[in-house]
Amino acid sequence: MFELYGGAVTTVLPAGIVDVSDMREVPDNQEVFIIEDGDKDVSIIFDLLEQVDAQDINAALRMHIDDMLETNQFTMMEEIDSKVLNTKIHTCYVNCKNSIHLVSLIRLSKVETDIVISMHVGESDIEAVMDKYYGIFKVAGENFNIKNWELFN
30 MFELYGGAVT TVLPAGIVDV SDMREVPDNQ EVFIIEDGDK DVSIIFDLLE
80 QVDAQDINAA LRMHIDDMLE TNQFTMMEEI DSKVLNTKIH TCYVNCKNSI
130 HLVSLIRLSK VETDIVISMH VGESDIEAVM DKYYGIFKVA GENFNIKNWE
180 LFN
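Residues are numbered in the working numbering as their position in the sequence shown, beginning at 1, plus a constant of 29.
For the record, the hints were derived by calculation from the structure and aren't laboratory data.
Beta carbons are placed, not taken as given, at the ideal position from N, Cα and C, and that holds for glycine.
Where hints are given, some of them may not hold.
Simulated pairs of lysine-lysine, DSSO-like, Cα-Cα distance not exceeding 27 Å [said to hold, decoys possible]:
# : residue 1 : residue 2
1 : 69        : 161
2 : 126       : 69
3 : 161       : 126
4 : 126       : 176
5 : 69        : 167
6 : 167       : 139
7 : 139       : 176
Label pairs and their calculated CB-CB ranges [stated by the list, open to error]:
#  : residue 1 : residue 2 : range
8  : 139       : 88        : 17 to 27 Å
9  : 65        : 138       : 35 to 45 Å
10 : 97        : 31        : 34 to 44 Å
11 : 156       : 36        : 28 to 38 Å
12 : 84        : 182       : 26 to 36 Å
13 : 138       : 68        : 37 to 47 Å
14 : 125       : 177       : 32 to 42 Å
15 : 88        : 65        : 15 to 25 Å
With these hints in hand, go ahead and build the complete structure from the sequences.
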C-alpha cells in the first residue's frame with residue numbers, strides 16, 4: 030500500500046513511481062506522481078476537490094474534465110468497484126491531440142468532496158495506453174481507501 034495525504038489515504042501504485050513533491054511544491058489537495066517510461070510523459074494525479082453541483086455523477090465527471098482540459102471529447106469507459114463507501118468509480122478517457130487522459134471520479138457526498146484521479150499519458154494511441162497503463166490506473170482506483178476522515182475537516 031502507498032500512503033497519500035500524510036497516510037490519511039492509501040492506494041496501490043507501481044514500484045519505482047516518483048513522487049513529484051520530492052522535486053517541486055504540490056498543492057495540499059493534490060498528490061502527483063510520475064511513472065518513468067523512456068521518452069513517454071506519464072503522470073497520475075489525485076485531486077481532492079469541492080463537490081460540484083451536478084445532476085448526476087456523469088455530469089460531475091464532465092464538469093471536472095472541462096475544468097482540467099479544454100475539450101469536449103471524452104468517452105465513458107466503465108464503472109470500477111471501489112472500497113470507498115462501497116461506491117462506484119466512474120471512469121472515462123479523453124483523447125487529446127498528442128495525449129490520452131484517463132479520468133475517474135469518486136463522490137463523497139458525506140464530506141462534500143469529489144476525488145478526481147487522472148492519468149496523463151503522452152501517447153495518442155488509445156489501444157497502447159489501455160494495454161500498458163490502464164491496469165495501473167484501475168488498481169489505484171480500486172484500492173483507494175480512506176483511513177482518516179479527518180482529512181476532510
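Against the structure, the hints:
1. 69 / 161: holds, 12 Å
2. 126 / 69: OK: residue 126 and residue 69 at ~15 Å, within 27 Å.
3. 161 / 126: Cα-Cα ~19 Å, so holds.
4. 126 / 176: violated, 38 Å
5. 69 / 167: With a Cα-Cα distance of about 19 Å, the restraint between residue 69 and residue 167 holds, given a limit of 27 Å.
6. 167 / 139: With Cα atoms ~24 Å apart, residue 167 and residue 139 stay inside 27 Å; holds.
7. 139 / 176: Between residue 139 and residue 176 the Cα gap is close to 15 Å, so the pair holds against 27 Å.
8. 139 / 88: 17 to 27 Å: Cβ of residue 139 to Cβ of residue 88: about 20 Å, so the range 17 to 27 Å holds.
9. 65 / 138: 35 to 45 Å: holds, 37 Å
10. 97 / 31: 34 to 44 Å: Distance hint for residue 97, residue 31 is violated at roughly 23 Å.
11. 156 / 36: 28 to 38 Å: holds, 37 Å
12. 84 / 182: 26 to 36 Å: holds, 28 Å
13. 138 / 68: 37 to 47 Å: Taking Cβ atoms as reference, residue 138 and residue 68 lie about 41 Å apart, which means the hint holds.
14. 125 / 177: 32 to 42 Å: holds, 35 Å
15. 88 / 65: 15 to 25 Å: violated, 36 Å
Going down the numbered hints, you'll see the structure goes against 4, 10, 15, while the others check out.
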